[in-house]
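Each chain, written out:
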Amino acid sequence: MNWFGFGFNGFGQIRTNEKLTDGESAGDANVTYPISIDIVCRNLEEEPVQICQHNSNVDTQIRTSWSRRAALHSNRLPSRDNNWQTAQPETAVKGDGRLCLAGFGVGTPSQKGCGGCVEESRGCQDAHISEGYLALSFTDRVECWNSERNEKKPGWSMVIPDNTGPSLAFPLVPGGYIASNPPFYRPLSPQLLAVSLALGTEHAVLLTASGDIYTWGSGSHGQLGHGDLSPQEEPRAMEALMGMSMSTVAAGGWHSVCTSAGGDLYVWGWNESGQVGLPSRALRGEQQKSQDTGGASTCKDEEESYDDVFISIQAFPALVDVTQSCEVSKISCGSRHTAAVTSTGDLYTWGWGEYGQLGQGTENSSDEPRRVEFFKDQGLRVVDVVCGPWNTFVSAIKEDPSLHPDTNIINPLTKNDIEWKNCL
Amino acid sequence: MAELWSAISAALPVTEAEFPLDFSEKVEPSVVDVLKRCRQQLYTGSGRWRQNAQIILDFSWEKLNTGTWRDVDKEWRCLYSYGCLFKVAALCRDDASSARVQEAIRTCDLGLLMGAAIMDNILQTFVRILQNEIGKRHSNEENPSEGVSAKKMKVDCVSVPVVKQALAVPRVHCPSLESFKKDYLDPQKPVILEGIIDHWPAFKNHPWSIEYLQTVAGCRTVPVEVGSRYTDEEWSQTLLTVNEFIDRYIVVKDASSLGYLAQHQLFDQVPELKDDIRIPDYCCLGEGDEDDITINAWFGPGGTVSPLHQDPQQNFLAQVVGRKYIRLYSPEDTEKLYPHQLQLLHNTSQVEVESPDVVRFPEFVKAPYLECVLQPGEVLFIPVKHWHYVRSLELSFSVSFWWS
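In order, the protein sequences belong to chains L and X.
All letters in the first sequence, in the order written, are residues 0 to 423 by numbering that gives the first Met the number 0.
All letters in the second sequence, in the order written, are residues 0 to 403 by numbering that gives the first Met the number 0.
Honestly, the hints are just simulated from the structure, not real lab data.
Keep in mind that the hints are not guaranteed to be accurate.
What the hints assert, rightly or not - Taking lysine to aspartate or glutamate pairs in the EDC-like style, the calculated list, with each CA pair at most 20 Å apart, reads: (1) X:K62 / L:E130; (2) X:K73 / L:E201; (3) X:K35 / L:E201; (4) X:K62 / L:E201; (5) X:K25 / L:E147; (6) X:K25 / L:E130; (7) X:K35 / L:E130; (8) X:K25 / L:E201; (9) X:K335 / X:D291.
Construct the entire structure; sequences and hints are all you get.
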């Protein structure tokens with residue numbers, strides 16, 4: 000699998016190999032167009048392995064915070080006889096993962112490793128990173144480390160009882176979930192039968208086993224989807240979606256997204272940058288201003304020609320037509336933007352785009368879902384998307400039927416990179 | 000052009016070492032890293048400092064919009080002001096076009112509106128420098144008076160409501176502190192005070208007019224309420240310069256949308272206007288300091304409406320330009336006024352005062368009230384929690400003093 004990134008790169012979380020010049024940090028410039036990101040960690044295997052393409056039996060997930068990006072390598076060992084099937088059961092070490100960071104405070108890559116290997120993460124199954132903390136989930140425990148990682152022990156940890164119930168997606172843990180700030184452990188009623196949880200900046204969106212959605216937290220921008228602006232201290236069922244079976248949830252700064260089992264997309268919350276996918280007055284106003292040459296404003300006339308209704312806060316879920324015939328399979332939210340992957344392997348983005356996080360090659364925002372043409376142009380099939388607050392990471396595979404389905408595209412690495420990687 | 004930059008940099012600390020960047024632990028190290036980049040680039044003059052300033056602005060803007068406004072930590076408001084400072088410096092660095100100078104003023108205003116004062120209120124210093132620059136450029140231009148004559152207003156045809164004598168708010172001329180306290184403040188009775196603001200420069204030295212406001216504050220960005228009243232669905236707030244506000248909502252008054260520069264602490268933002276008014280002496284009868292008094296500007300065309308509502312402090316409403324129709328209800332009659340249930344609007348009545356729905360709100364017409372047409376030069380005393388409804392009859396500028 001190959002990961003691509005675009006958007007905010009103020010700490011080099013996308014372009015990690017930038018040379019440092021006076022007065023600049025690694026990657027000041029925004030990345031407005033998807034670029035391949037190098038997430039392979041040289042330290043991953045005990046024995047050095049020929050790493051360039053064709054290898055990745057390493058399943059890698061991405062986790063993000065504002066200033067960092069983490070690659071979560073799940074480390075299924077490649078089989079020795081170059082058999083491209085997945086590793087033999089006895090050599091496969093399920094869930095023995097490792098986390099590698101890029102971005103603020105992380106060293107530059109070297110022969111020894113990617114510069115951001117988190118030793119403490121060896122063997123973890125999942126992780127969440129925030130500005131202040133690094134939360135690691137192991138089979139038997141959860142640990143929360145200070146991001147500076149200048150201590151020998153995690154600041155907080157908790158033992159996980161043997162889980163006999165359905166497997167839970169982090170940050171869900173038996174009995175509750177792990178928040179991004181202290182107090183870390185927050186209990187949840189067992190009656191909810193929680194399956195998946197998305198944490199926004201000040202709200203939460205929960206999916207239950209029955210396909211219902213519960214939300215709680217701040218409601219000031221309609222992000223809870225109950226039709227008003229009141230906060231909710233306890234999880235409250237979203238009545239507007241009752242009776243429909245939902246399959247995924249995502250939460251951003253002030254908006255929320257979910258998909259139904261049938262692939263329909265629902266969005267609600269603040270639409271100030273078009274992140275809900277409905278006409279945004281604030282957005283059109285800004286675009287109008289930048290078109291005006293600065294003379295007497297013609298804004299008023301322009302507004303009158305819009306018969307559309309503008310939505311600044313959508314307090315009930317709205318069905319958003321991403322594209323006419325396709326189903327949405329994966330979703331993710333940044334602080335003020337949204338990304339969706341369709342079952343046909345296309346990526347759509349909309350919302351705030353001033354850091355290039357929409358991947359359209361511009362720094363424009365959009366209140367309409369638009370396909371990111373890069374992937375189609377490159378013959379890539381998008382498989383997953385993970386949004387950081389101001390950027391977007393996408394995993395994709397080459398859509399070439401003549402190649403083995405598990406094969407990935409050639410990573411456009413530099414010559415130097417390939418040379419020292421081929422060591423044995 | 001270079002003079003602008005030298006004036007701006009003269010207002011800044013001489014060296015990078017003297018430029019303070021002290022924040023609590025609440026501000027993450029990654030953010031401080033960007034701030035230090037901004038500071039370094041300010042003094043070395045190289046690097047992508049416009050971009051880095053924008054990062055600070057965007058990051059702090061998100062913090063300002065997290066949680067309720069009054070709970071936002073002051074650190075984030077300071078951070079926002081720093082972002083404005085660095086952005087203004089970046090805009091003024093090279094040949095600053097008029098558009099850039101205007102954008103710099105707007106940036107300062109956003110910092111003054113949403114940020115917190117930093118470095119001896121340096122944004123206010125910047126605004127003065129930038130306004131001087133605008134002034135210099137205008138006097139070099141060929142048609143300086145073109146603006147003024149074009150700003151003739153549409154004259155309103157106004158129907159002034161006839162105030163029933165029995166319901167009129169009582170009037171008193173320059174009462175002593177003691178008699179005001181005894182007759183009105185202590186018993187909490189509304190009254191119109193005449194003759195107490197005649198000495199204001201806003202009447203004598205710089206009579207407030209459209210032209211005067213444009214000269215003193217035309218390029219300044221202010222919050223404007225758009226829509227007929229804040230209880231309407233269509234109501235919204237936007238940011239405009241005073242010139243834009245006047246062009247769009249005063250000069251050419253469009254019946255379809257009202258704009259109102261309402262409840263804004265304009266006098267903190269534009270010190271020249273603060274010099275034109277005085278805090279009424281009677282405020283000293285209150286418990287708080289002079290610093291605790293909130294002074295708001297209310298400037299708009301005829302037809303602006305503040306729906307019937309109550310405020311948690313005593314109010315002196317001083318009328319400077321134009322006339323307003325005002326109706327007052329006692330807090331004792333609150334039940335007949337049908338306040339909204341929602342927490343957000345529980346200080347606002349559901350009733351449309353001048354055309355009440357007698358079916359939904361039958362008790363309303365039984366509630367006793369006082370009314371008046373407030374004229375320029377008069378000050379209305381609105382006791383705390385007294386319900387009041389205000390409609391401007393023509394172009395109007397009022398100044399309110401909230402005190403305890």
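Going down the list of hints, with the structure as the test:
no.	hint	result
1	X:K62 / L:E130	14 Å, holds
2	X:K73 / L:E201	19 Å, holds
3	X:K35 / L:E201	28 Å, violated
4	X:K62 / L:E201	11 Å, holds
5	X:K25 / L:E147	14 Å, holds
6	X:K25 / L:E130	11 Å, holds
7	X:K35 / L:E130	18 Å, holds
8	X:K25 / L:E201	17 Å, holds
9	X:K335 / X:D291	33 Å, violated
Consistency note: the structure conflicts with the earlier hints numbered 3, 9.
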